[in-house]
Structure formats: C-alpha cells, structure tokens
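**Student:** One letter stands for each residue in the lines below.
Protein chains: 2
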Amino acid sequence: MNAMVTLATANVTVVGLGLIGGSLALALRPHVGRVTGVEIDAPTRRLAYAAGAVDVATPHFAAGLAETDVVLLATPSATIARQVGEVAHLRPDGCLVLDVGSSKEVICRAMDQLPAVFQAIGGHPMCGKEESGFAVATADLFQGQTFILCRTARTDEAAEATALALVAALGARPLFLDPRQHDELVSLVSHLPYFLSALLMEQAAQMAATTGEPVYAVSASGFRDTSRLAGSDPDMLRDIARTNGAAIIRRLRDHRERLDALIALLEHGDDAAVRAWLAARQQDYQAYRKEK
Amino acid sequence: MNAMVTLATANVTVVGLGLIGGSLALALRPHVGRVTGVEIDAPTRRLAYAAGAVDVATPHFAAGLAETDVVLLATPSATIARQVGEVAHLRPDGCLVLDVGSSKEVICRAMDQLPAVFQAIGGHPMCGKEESGFAVATADLFQGQTFILCRTARTDEAAEATALALVAALGARPLFLDPRQHDELVSLVSHLPYFLSALLMEQAAQMAATTGEPVYAVSASGFRDTSRLAGSDPDMLRDIARTNGAAIIRRLRDHRERLDALIALLEHGDDAAVRAWLAARQQDYQAYRKEK
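Quick mapping for you: the protein sequence lines, in order, are chains L and A. Each residue of the first sequence is one higher than the one before, counting from 1 in this note's numbering. Each residue of the second sequence is one higher than the one before, counting from 1 in this note's numbering.
Worth double-checking, as some hints may not be accurate.
Label pairs and their in silico Cβ distance ranges [to be verified]:
1) A:257 / L:212: 17 to 23 angstroms
2) L:276 / A:253: 19 to 25 angstroms
3) A:117 / L:257: 52 to 58 angstroms
4) L:116 / A:276: 42 to 48 angstroms
Output of the computed footprint for chain A on chain L, the stretches with three or more beta carbons under 8 angstroms from beta carbons of chain A [what the hints assert, rightly or not]:
5) 94-108
6) 245-259
In case anyone wonders, no lab produced these hints; they're calculated from the structure. Just so you know, even glycine gets a beta-carbon here, dropped at the ideal spot from N, CA and C.
Full structure from sequences and hints, please.
**Tutor:** Have a look at this one:
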C-alpha cells in the first residue's frame, strides 16, 4: 500500500485507549471512515463505546489490525517499539503505521525495520495532563498544540501527506524533527520538568511527614504549579526513563552543575551578582513567553 | 496606644504600592476609615489614585505616618526591617505596625525592639503572581488564601484582634506561625520552587540560544507551569535571598542530595525500583492535593 490513504474513508485503529489514545479516537472519529480501538482493559472499552470514541473495541491486537488502513500506536514507547515489529507479522500486506509515543528514537528505528510494503512515521503530540486514562480523554486535547512528526526509512510522500491530514484533523500544528533531536528536546522541556517537580514533591512530602509542620497549608499557587507534574502516571514515566534515560541523565547532570553554581553564588556572591542572575532568569522567561 | 484599633474607622497607611501593597489598599479601602499610600514612584501613585486604592498618596514616609493608626509595611523584607526602626523615631507616640514581607525572622526581631508604646505583628499573605507592580494588583488577591501571622514581643491581644479583623476583611484565612518556623516553611514551598524554576529556565534558554533548536516550540503546558516562577521580580527574589539565604541554601543542598540519589537510581536501579520511586511521588502529590 503505497498510495496516500484518504483519511475520510480510512479504517483507523487506535491501540491503547488511555488519555492520548482515547483523545485521538474521540477527535478522529468524525473525520475518518471507522475507528477501531484495541484495549485490554474491559471497563475502558465500555467507557470508549459509551463516549462514542470507537465503532468497535477489541482486546485483541490481531483482530484490531485485520482490516485497518492506519494503525495509531498509543501505548508506552517500549511497548510501541515491540508492537511495530508485531504489526509486520500480523499484516504482511502492509498498512500505514503511526504512533504517539514520548520517545522517538527507539520507535523510529523499529519503524525503519518494517518491510518495504509498509509506510510508517513517528509522532508525538506535545500535550498531556497530570491525570491519565480514558476518563480524562477529550476530543480537543490536541487543539492548537504542537504535533511532532519524525520521518523514518518508511516515510514516503504519501505517508507524510496522510500524517499531515491527521494532524490537521486534530487541530494541531505539525513540526518535523529528527528522532534523536526530538528525544534531546523533550528530555529538556518535558522530562526534566517532571523530575524536578517530583524531587520538589519528595522534599515537601518528607518534611510534612517527618515534622508535622503545616507544609501544605503554607503552600500557594507557586508550589501547586511547580509540583503538578509529580502527579503524572508512574507507568508512563517509567517507560520514558527506560526509553530516553541517557538524555534524561545528561539533563539532570547539567541541572546539578547549575545548582552547584547557584549555591556558590548565594553563599559567596555579592548582591549585584545575585541580582544579575535573577534578572537574567526573568529575561529568559520573558523571551520564552514572547515566543510561546 | 494599647487599645484595639477599630478597623472601620482607622487611618491605615500602606507603605509600598506594588502587587501586594496595591492589592492591600484596594481590598482594605472599603473596610477602613482612610487609606494613605506611601510610594516613591509618581506614576504608581497616579495609578493608585485612579484605581481608587487610596484616599491620599505621598512619596514621603514621615508624612504618610503622621496621623496613622495602622502601618502596613509592604516593601521588600530588608527594607521593612529598616523601616520598622524608622517608625519608632517618626511616631514616638506609637501605633500598630504590621507587615507583609516574605521573610519573617528578620522583621519580627526588628519589631521586638520597638518601644513598648507600639503594637506590632508580622504577616505574610501566601499569594502572588509572576508579574509585579500596582498594575497587576487586585482587591481579591487574598481571597481564600492563607495569611500567616507571626507574634512578636509587641503583640498583645488587641494587636492580634486587629490583625485578625484585617485578615478577615481581606477574605484570607489566618495561620499563626513562629517567625523561624515560617522562614523554614516558605524556603521549602515558595523559595525552593522559584529557584528550581529559574534553573530550569536557565537550562532551556541556554540550549535555545546555543543550538538554535526549536526548544520553546516543542514545550507544552508542563514546561509552562514549571518555569512560570522564573518570571518573578528579581528585586523581590534578591531581597528574599538576602533575608532567608541560610534556609534557602539548606533546601538547595537537600535537593542536590535527592538529585544525586535520583541520578544513581536512573543509572543503576532496576525497573521495579524506578517505578516504586515514581509511584511514591504520585502518591505524595495526591496526598498534598487531598489536603489542599
């Protein structure tokens, strides 16, 4: 299948009906021929039916792929990399494979290995919530958000056109990145913020538990915003740590160097140097908000 | 003046009409006899007049204190500590002194030194914005928020009653803390989040500047929330670093120890140990949100 899939009539299979997969199904169903959901959790399948997210839902990967034109893999990244290989066996006639996993290098390298009869392109919508599961899925999750696309050895013009049509149907803005470049960038703007948030939460929770002080009563919106990501799904984060660990560790080491420099500045720096550092961070923030 | 001040007829002077002082003036004016603003910046005085925040505004500290019953010091903490001493000279007949500075130990120790004719109590409303100045002040800033009160050697029952009436007029919830206890707690839930946010912003800005990569285009709501505090007023943060530096440095050192343990876990820990750490952070977050 090397022709461009016409999205309006395509059979689309979404594998994994969590926050992202469920939101994909909800958003895409009005724009495609049929949506099949593959989901091992029976209550989630019932929720997806009830919400009108899917025409059909099945716990069986093979059954869900049988007649599909487009497979959208929305499981954790390590699972996606494995499922890409399974698709090759289950659909020897080929189909279009897309994914929405957080780590792109491991997935795109698996896509490279697909037989030539397949088309494949990696994807990552830059949106999420600290809650997870179909219950918090919404059709407008991707609206106005960046949707990263990563070309693979199985990306031809037709696959790219279908992926762009899909991103447009979601209301998202496409951004093409190399998989390795993607993994470096998200380790900085997505994974590092999570780990800093989790470390802050750990520190506050331990003080609350060991001292009995009114830690949370004293906290306000600053703490709430900086700790929010600590509430993220641990299975998702474990998958991210497993599939993008090297980049994350580099970011954390970089953070430690900056932290040491900051401690030294606060301990030994003069007032003007401290103010200069603080003012530079405010300028960094303002430059970022000007751009985004 | 050892009687309780009746707020409804009191002359209240707010010193410093920035975000917090301006919001105090706006919120209190309907509840008190008269509001005088002391503010050295002429455009800010004009804004405060135009917004109906003050009956009178003056650049002169002495003039603003001349006939006041209640002085509310809303300048940076180091300035407040100095101004407490100045009030003693300018108003030898005494008055009630309150403040809203971020660091309470340095201020409450200055209040302890006031002559016995004074009443004084430290305060700290736990709210703020990453923007500063009268332009972003609002009357409802304190609504539903925690307002910390710290007793001093000059706090008698009457002073406490007036402070509580003032907190009630703001719509805030009072919480009494020892000044040192306050400084420890805010170093954890307010100052540490700021510095982690600023370090994250520094790291992202440097990658954006040195590589030209689309760092901010890739970023989403997680980065936005965790970096927001980096936009805070550098003069306010410099003041906080100056007046609560020791506690902040202890928090940053604690953070570094946790960071080192996390890096070791990600490098050498098995999958189950990583997941256990991530799940514990989610539980910490859920326990915090259950309480607040």
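**Student:** Evaluate each hint against the coordinates.
**Tutor:** The hints, checked one at a time:
no.	hint	result
1	A:257 / L:212: 17 to 23 angstroms	holds (22 angstroms)
2	L:276 / A:253: 19 to 25 angstroms	holds (23 angstroms)
3	A:117 / L:257: 52 to 58 angstroms	holds (54 angstroms)
4	L:116 / A:276: 42 to 48 angstroms	holds (43 angstroms)
5	94-108	violated (count 0)
6	245-259	holds (count 11)
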